[in-house]
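Engineer: With these hints in hand, go ahead and build the complete structure from the sequences.
Line order of the protein sequences matches chains A and B. The numbering of the first sequence is this note's numbering, which starts it at 2 and goes up by one. The numbering of the second sequence is this note's numbering, which starts it at 22 and goes up by one.
Just so you know, the hints here were simulated from the structure itself, not pulled from any lab data. Accuracy of the hints is not assured; some may be wrong.
[Unchecked claim] Computed spacing ranges between beta-carbons, pair by pair:
| # | chain 1 | residue 1 | chain 2 | residue 2 | range |
| --- | --- | --- | --- | --- | --- |
| 1 | A | D142 | B | R101 | 54 to 64 Å |
| 2 | B | I97 | A | E5 | 35 to 45 Å |
| 3 | A | S50 | B | I222 | 48 to 58 Å |
| 4 | B | T105 | A | E24 | 57 to 67 Å |
Owing to the predicted nature of the structure, the values given are computational and were not obtained by experimental measurement. The C-beta atom is built at its ideal place from N, Cα and C for all residues, glycine as well.
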Amino acid sequence: MVNEHLFKRFDDELARLDAKISEMGGLAEAQLARSLQAIRERDTSLSESVIASDARVDAIETEIQDHVLQMLALRQPMAVDLRHILSSVKMATTLERIADYAKNNAKRSIVLMQGSVPPRAMTGIDRIGRLVQGLLTDVLDAFSKNDVPAAELVWKRDEEIDDAYNGLFRELLTYMMEDPRTITAGTHLMFMAKNIERIGDHVTNIAELIVFRVTGSPFATDRPKGGGEIYRPA
Amino acid sequence: MDTTVTTAVKEQPRTNGVGHDVKFSSKQVKVFYGEKEALHGVDIDLRDREVTALIGPSGCGKSTYLRCLNRMNDTIAGCRVTGTTTLDGKDIYDRSIDVVQLRAKVGMVFQKPNPFPKSIYENVAYGPRIHGIASSKQDFDAIVENSLVKAGLWTEVKDRLDQPGTGLSGGQQQRLCIARAIAVSPEVILMDEPCSALDPIATAKIEELIDELRENFAIVIVTHSMQQAARVSQMTAFFHLGHLVEFGQTKQIFTNPVDQRTQSYITGRIG
Ligand SMILES: Nc1ncnc2c1ncn2[C@@H]1O[C@H](COP(=O)(O)OP(=O)(O)OP(=O)(O)O)[C@@H](O)[C@H]1O
Ligand SMILES: [Mg+2]
Chain A
2 MVNEHLFKRF DDELARLDAK ISEMGGLAEA QLARSLQAIR ERDTSLSESV IASDARVDAI
62 ETEIQDHVLQ MLALRQPMAV DLRHILSSVK MATTLERIAD YAKNNAKRSI VLMQGSVPPR
122 AMTGIDRIGR LVQGLLTDVL DAFSKNDVPA AELVWKRDEE IDDAYNGLFR ELLTYMMEDP
182 RTITAGTHLM FMAKNIERIG DHVTNIAELI VFRVTGSPFA TDRPKGGGEI YRPA
Chain B
22 MDTTVTTAVK EQPRTNGVGH DVKFSSKQVK VFYGEKEALH GVDIDLRDRE VTALIGPSGC
82 GKSTYLRCLN RMNDTIAGCR VTGTTTLDGK DIYDRSIDVV QLRAKVGMVF QKPNPFPKSI
142 YENVAYGPRI HGIASSKQDF DAIVENSLVK AGLWTEVKDR LDQPGTGLSG GQQQRLCIAR
202 AIAVSPEVIL MDEPCSALDP IATAKIEELI DELRENFAIV IVTHSMQQAA RVSQMTAFFH
262 LGHLVEFGQT KQIFTNPVDQ RTQSYITGRI G
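Structural biologist: Structure below.
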């Protein structure tokens, strides 16, 4: 993308920063995938493993923050380097949030397994989960290649998640109204669906950060919003 | 070689929402040292009450351009300037221009502090005296005090005004030179790497001073420190191999420069 620095070590440090982000991205991706698998297969021990692994994600975030602090102080970066470093911290924070939502879903899945759950509702969660999983993979791919068009594509697709979320919300509401015994499970599922939807929002944030890092300008337009706004709390 | 200047701000650059008048305007300014063309047609507008930083690698023509603004190039044998430069709309290379008057209006501070081998008082009073700005002892006292206060040096030297200026520390000497430059009530102050011989504290004082002087003057500063340019200036001009490559708001140049050469230079890359 750009030439080498006069100080070769600076290039190495930037590369190391990217490697850390990629590692963190891979972990967050795995955490989300495993939390979905745990829900799907009603696997309590997998859920517990997801909860335990979250500490590793937090640790990398701290490492990235330390690394960035050092680079800001010692290198006093400008222009593309400054954007590179700033977007890295924000990405780390965003990935940490994503992993956090996965952990929260893992926790809720353990509670969920103790009661009866409408099977079709589980399918709905899994569907939106896979959708978000796919977008997360795509955005991390775009990150590793500095691929602006790919990032923009992910950004635009957040609409699908909003639509899926609103559909699932209505569906869950219907089950709970039909059979009040499903209210406890339904409420957990609603929070889980919301968590997944929030992960989708964070994925679009990463897409925005990629564009900012490479081009220096934010997106020109507002993100398209899905329909069914009536069920979205403000 | 690409000679077009990238100007990221389409309209006339405005800072702090004020949009001051154009002070200096250069059109197609070229400078030759003998046969050699050192500056290849510079077009730039410098605004009043703004600090403009000139940056670029060694030998790119920053000092050469700066010297056009007070016709210091006239004093270099074999140096020839073409194109036009106006100050408040008047061509400064016009025959009718009195160069001594011009240099009173356009003061200059150099890389190495160069106080006269005279008292602190005389260093500051000298300019007003030769320009006939003041006559009475009272007037001179007032100008000396005022200039030293503005240069942030008054409290440090008020009890030893009769001592030689050369006996001050490097940072104090540089502020003395700034006091000397502002004593003749200039409109523009040119500074050529004014802090390169100073420690960080003395540098910080000069930078603070530059920021205050901006209230009343247009300032053009040449610096090799990106951080200094970023800290003190509102506009930044990047020169490369005798070309003005990019000119824009400092905040834009240092976060998202348009030209690849600017990017390479300010991020310390191999260009
Ligand atoms: N008095 C002179 N006689 C001949 N050539 C000169 C003279 N002054 C400058 N030059 C040449 O003109 C070009 C621009 O020089 P200038 O001093 O303006 O560069 P600069 O950007 O100020 O560099 P630095 O950052 O090293 O001070 C250089 O190639 C230089 O060698
Ligand atoms: Mg110079």
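Engineer: Work down the list of hints and note, for each, if the structure agrees.
Structural biologist: Taking the hints in turn, this is what the structure says about them:
{"no.": "1", "hint": "A:D142 - B:R101: 54 to 64 Å", "in the structure": "holds (58 Å)"}
{"no.": "2", "hint": "B:I97 - A:E5: 35 to 45 Å", "in the structure": "holds (38 Å)"}
{"no.": "3", "hint": "A:S50 - B:I222: 48 to 58 Å", "in the structure": "holds (56 Å)"}
{"no.": "4", "hint": "B:T105 - A:E24: 57 to 67 Å", "in the structure": "holds (59 Å)"}
In the structure shown, no violation is registered for any of the earlier numbered hints.
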